[in-house]
Every structure is written in C-alpha cells, then in structure tokens.
Amino acid sequence: MMEQLLKGLKTIRQDVDFENEKELVENGILTSVEILMIVAMIEDTFEVKIPASKLRPANFNSAESMWNLIQTLQDEE
Amino acid sequence: MSITSFSFVLFLLAVFVIYYLMPGKWQWVVLLAASLLFYILSQPAGALYLLLLTAVTYVATRMLEKNTRNRKCFLRERKETLSKEEKLAFKNKCKHKRKIILICSIALIVAGLISLKYLRQIFVAPQGTLQSQSLFSKIIVPLGISYYTLMAIGYMAEVYWENYGIERNFFKLLLFLSFFPHITQGPISDFETLAPQLCSPQKLDYRNVSRGFQRLVWGFFKKMLIADLLAPYIENLFSDFSQYAGIAVLLGAVLYMIQLYADFSGYMDIMCGYCEMLGIQLAENFKSPFFSRSVSEFWRRWHITLGEWLRKYIYYPIALSNWGVKLSQKNSVCKKIVLSIAISAVWIFTGLWHGAKWTFLLWGAINGVIIIASNWLEPFYEKVRKKLRVRDNSAPYRAFQMLRTFLLILFSEIFAISNSVRSGCLFIGRIFTEHTIPHSFRGLLPFVNGASNFTMVTFAIAIAGIVLMIIAAYVEKKKPVRDCFNKVPVGFRLVILTIAILLIASFGVQSSWNAEGFMYANF
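Protein sequences, first through last, are from chains Z and C. Here our numbering is used: the first residue of the first sequence is 547, the next is one more, and so on. Here our numbering is used: the first residue of the second sequence is 666, the next is one more, and so on.
Among the clues, some could well be false.
Unchecked claim - In silico DSBU-like links for lysine-lysine, alpha-carbon gap of 35 Å or less: (1) K1143(C) with K595(Z); (2) K595(Z) with K868(C); (3) K749(C) with K595(Z); (4) K556(Z) with K991(C); (5) K600(Z) with K568(Z); (6) K952(C) with K553(Z); (7) K595(Z) with K1144(C); (8) K1143(C) with K556(Z); (9) K600(Z) with K1152(C); (10) K600(Z) with K995(C); (11) K568(Z) with K952(C); (12) K568(Z) with K749(C); (13) K1001(C) with K556(Z); (14) K600(Z) with K762(C); (15) K1052(C) with K600(Z); (16) K752(C) with K762(C); (17) K595(Z) with K977(C); (18) K595(Z) with K690(C); (19) K995(C) with K556(Z); (20) K977(C) with K556(Z); (21) K600(Z) with K749(C); (22) K952(C) with K556(Z); (23) K868(C) with K837(C); (24) K977(C) with K764(C); (25) K600(Z) with K1142(C).
I should point out that these hints are in silico values taken from the structure, not numbers from a laboratory.
So here's chain Z without its partners, still in its complex pose (with noise of 0.2 Å):
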C-alpha cells in the first residue's frame, strides 16, 4: 500500500526523493498546487476523502506523515 502511494507521489514530481526526503512542506519543495494533486490522487487511490483541515505540512512534509494520515482516515470512516 505504501509502495502504491509512493508510485502515485513520483507520477506528480518525478525528481523527488519521496522515500527519504522529511520536510517536503518545510523546505518548499511541494508548491500548493502540487499538494493539491497529492491530495487528489490520494483520494481517488485510497477512497478516502481530505478535508482542508488537515492540509497541515505535518501531514505533507514525507511519504510516511502522508500514509499515517491516509490509515487514520480510513479508521475514522
């Protein structure tokens, strides 16, 4: 599963290191467009749906925070 949203992340950025880099938010090397993409690709992968309110770079900053945040939303549903 993890390895399905890496593969979903390196179709949107290409040039990312998303299984080491941490601070994908922090160090401004997602835009917000990008994150929205993310966001959308998660949905429609994972079939669980992101509200605004966790658009935080905690969630966003690496691979690891993004699918913490995708097994809490599958839990919450």
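Fit chain C to the known structure of chain Z by using the hints.
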C-alpha cells in the same frame, strides 16, 4: 514605544533579566505583563479592543469545546441504542451549531477590524479637509489589529476543526495574541506551535542567548543602517519623480525594494533573535526571497506566515470545497478554473488586508493575475524551454528567472507604495519613457543627493550594509550564517559585534529621518 529607541532596548534587557530570575512556572506571567506594558506604552487606547477580541475568541472556543464534549459524551452513552442514521443526524446537528458559533465569532471580530481600520481609511482624507473633522477621523486603529485578528481567526478555525484543544486560561490566550515580539508586524503565529513555548519554563542557555543576540544585532543593523538611512532618499524619490531620468527612477525603485526588505526582515531578526534569547522559536517570515525563480515562489519566501495563513484558511478551503472538488473532477481545465478562483480570493483578501486603497487592490490583482497566468501557461513555457534546449537548472536560466521575478515584484510594489493608481502608472511610465543617461552621481541618484540626511558617509554606510546583506544571503543558501560566524574565535566575534553596535548607536541616533515606525506596522 519606538522599537529602535534606547528605551525599548532597556525594556528588552529588563524583561530578559526578570524572565530568567522568575521561577519557571511564572515566566509566562512576565511575558504577559511585558506585552501588556509594551502595548499600553505604545497605544493605550487600543488595549481595550485587544482585550475585547481576546474575550470573544475565548468565549467562542469554550463554546466549541463544550459542543464537542457534549457530542462525544452523548454518542458514547448511546452507542448501542442509537441507529447509524440517528447518530449521523445528531453529528450533523452538532456540526451545524459549531458552524454558527464559528461564523458569528469570526463575523464579530472581522466587523471590528473593518470598522476600526477600513472605515477610517475610506472616509478620512489624507490631507486635512472637512472630512478629516468627521467622527471617522477620531477612530484609532489599534496597534497590530490586522495581525492578531488573523491569529485569532486561525486559532478558532483549528478549534472548530478539532485539530487541537483549547486554551482554558484566558490570560494565557491573551499572552498568545498580545505577545509583544509579534504583535506589531507578525510573524502571524500558529497557536499550536507558539503557545506551548510561551507557557513552558525556559532555562538560561548560553547558545540560545549568544546566537539570539547575534541575530538581534543583525536586525538592528539592517533596520537602522540600511532601511532608515535609505528612507529619506525613497521619500524624496516618490515625492517628485517627474524630474528624474528613467534610469534614476528605476534605481530608486530598486533601492525601495531593498529598504522594504531590510526594514521588514530587520524587524523579524530583532524579534526572532530576542525570542531565541528567551528560549522561544518564532516562525520565520523570510527565506532569501530575492533568489526566487517565480512570483509564486517569491510569495512562499516573503512574509511566509501570511502566505501559510492564506493557504490554510482561504486557498485550501476553497479548492477542497464540495463545489470545488466536483468541478475539478470534470477535467484538467475545470481543475485550473477552481485553482484560479482560489488564487483570486487569496489575492483580493491580501490586497484588502494591506489597506482600503485601490493601489493595494491593484497590487493584489497584479500578483494574482501573474500567478494564475503562470499556472495556465506552464505547459507552454516548458515546451518553449525544451525546444530552445535550455536546461532548467542552468545558471543563466536561473539568473533570468530571478531577474524576471524581481522586476515583476518590483513593478507591483510600486503601486503598493504609490498614493494613487495614476501616480503608480506615471512612475512606471517614467522608467520607460525618459531615456536620458546621466553621467554623474548627482544625475544617477538625484533623490539621494537632495535628501535631508544625505552625506557621502551615511550613503556609503547604507551601500556597505546592502553589500553585506547580499553576501549574507548567498552564504545562507549553503550554510546558516550564524554557524559560520560562530566558527570565528570568540574575541574576534566580540570585536565585530561591538563595532556593529557602535555603528548602530552612532548613525541610528544621528539619522535625521524619523525612524520610529516600521513599514509593515502600518498594516
């Protein structure tokens, strides 16, 4: 109280000493007392409004918390007895109540902001006329109202979304909103990040004090030896640019951007450095903005906390709203339309936030249009770049992008500083229509020569300061400047700091420009 005054420096010193003498659990009380004292000394009339706004925020968040607690309690007790539909209906009813609480409280404080800040700007004429004798001219705009209003709205929104718990102590909430390092010009602090630091005991730490002090001195250097020395030149330029050569007007505009950056980032360095001495990390507001390769990137590096606030509470809620998601799902063009609407809302808000003037709205519109156009034209740019075989990361291409970005930002800022749209258009028009090439310093920088504080010494100091600021920015790209500075032997570091302080004290005092205010404090 002027932040560049000797009395403010004494104030900082007194707060520092008392803070660390106080037992850990009472340190926050020292910060609160200092913040309220600072506010009352700066603008006593505004203190009442700040208290009222804090009270509204406090009551609203207590009501939201009560709603959450009651909902969870009710559902827990009736977990087995209620059907799924009944539970959902109850949750929706609670959500509706929460929405009403949030909307009413935000509407109340926004109404306060509009009444106190915008009505005065709209109805009071800039020069003394009959209008200036009206009731509106008696309105005092509370110091920092634009900043703490946004912080209060952000806090209430996060509590509404149940992203974190509330602050039950009214005075600790008051401390967060009134904290003197961020109340005048930001940064627009996030409650979850800052509040725990304000209320946690802090121990005196040599590294924090040393590094914080270095940054504080650097901030005063930028403010008083660059921004304040340039200010009279810029005032001279904008008061009568119609007699200057186009190249002189352009150079003056560039100096204005440097002045603005030195003023605003200098303030941030003073306050962030001081907070670091207290063991508190304020959010950064600048990240080498002039190295940006696009206007979008520039606004992610300049006034960073305002950009983050706008993304969290305007851009993302619009882009991810029900109608936004439905429309985006149709095709890529519809997706871009939704993003364009979100970006437009951000920039209209940003323009209005700066002030109720057409020039600010135009400034916001220019930036919004550039960013929207960039999003739509990106595929076209990429095709052209690849066809011309220009490597994306090549030095000349990066330099071209940085220069293009700087000029676009510069031309939009000219409207922000101009008294009217017409004046801004004339200023820009002068650059392109007056082609005389001056052959002397007097001709190239006539607004410098004619300024009240001009001497070759003060001008040389300002230019040397600018060169130092540019070098520091380049070093910062590879490694934090303070890390490099702290590798220098202690004795040498002390000499450098002492020279800097003596220069600041000598030329800051002697500057004939009224340096009481910071430029972004007007918002």
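Structure-based check of each hint:
Under the criterion of a C-alpha separation no larger than 35 Å, the hint pairing K1143(C) with K595(Z) is inconsistent with the structure, at around 39 Å. Note on K595(Z) and K868(C): the hinted pairing is violated, with a Cα-Cα distance of about 44 Å set against a maximum of 35 Å. Straight-line distance between C-alpha atoms of K749(C) and K595(Z) comes to about 19 Å, which keeps the hinted pair within the 35 Å bound. For the hint pairing K556(Z) with K991(C), the CA-to-CA distance comes to about 25 Å; that is within 35 Å, so the pair holds.
For the hint pairing K600(Z) with K568(Z), the CA-to-CA distance comes to about 18 Å; that is within 35 Å, so the pair holds. Distance check on the hinted pair: K952(C) and K553(Z) sit about 31 Å apart at the alpha-carbon level, within 35 Å; holds. As the CA atoms of K595(Z) and K1144(C) are separated by approximately 40 Å, the hinted pair breaks the 35 Å bound. For the hint pairing K1143(C) with K556(Z), the CA-to-CA distance comes to about 27 Å; that is within 35 Å, so the pair holds.
Simply put, K600(Z) and K1152(C) have alpha-carbon atoms about 41 Å apart, too far for the 35 Å limit, and the pair is violated. For a cut-off of 35 Å, the pair hint linking K600(Z) to K995(C) stands: about 24 Å separates their Cα positions. Annotation: proposed proximity of K568(Z) to K952(C) holds, straight-line Cα distance about 19 Å (limit 35 Å). Distance restraint check for K568(Z) and K749(C): the Cα-Cα separation of roughly 39 Å exceeds the 35 Å cut-off, and the hinted pair is therefore not satisfied.
Restraint check: the Cα-Cα separation between K1001(C) and K556(Z) comes to about 21 Å, which is no more than 35 Å; the hinted pair holds. With a C-alpha separation of about 21 Å, the suggested pairing of K600(Z) with K762(C) holds against the 35 Å cut-off. Simply put, K1052(C) and K600(Z) have alpha-carbon atoms about 40 Å apart, too far for the 35 Å limit, and the pair is violated. The straight-line distance between the Cα atoms of K752(C) and K762(C) is roughly 16 Å, inside the 35 Å bound, and the hint therefore holds.
Only pairs whose Cα atoms come within 35 Å are accepted, and K595(Z) paired with K977(C) is accepted, the gap being roughly 17 Å. Our distance criterion of 35 Å between C-alpha atoms is broken by K595(Z) and K690(C), whose separation comes to about 42 Å. Taken as a hint, the K995(C) and K556(Z) pair is honoured in the structure, with Cα atoms around 23 Å apart against an allowance of 35 Å. Straight-line distance between C-alpha atoms of K977(C) and K556(Z) comes to about 25 Å, which keeps the hinted pair within the 35 Å bound.
A hinted pair counts as satisfied when its Cα atoms are at most 35 Å apart, and K600(Z) with K749(C) qualifies at roughly 25 Å. Proposed proximity of K952(C) and K556(Z) is supported: the alpha carbons are some 27 Å apart, at most 35 Å. The suggested pairing of K868(C) with K837(C) holds, with an alpha-carbon distance near 20 Å, which does not exceed 35 Å. Distance restraint check for K977(C) and K764(C): the Cα-Cα separation of roughly 17 Å lies within the 35 Å cut-off, and the hinted pair is therefore satisfied.
Proposed proximity of K600(Z) and K1142(C) is supported: the alpha carbons are some 31 Å apart, at most 35 Å.
Checked against the numbered hints given earlier, this structure breaks hints 1, 2, 7, 9, 12, 15 and 18; the rest are met.
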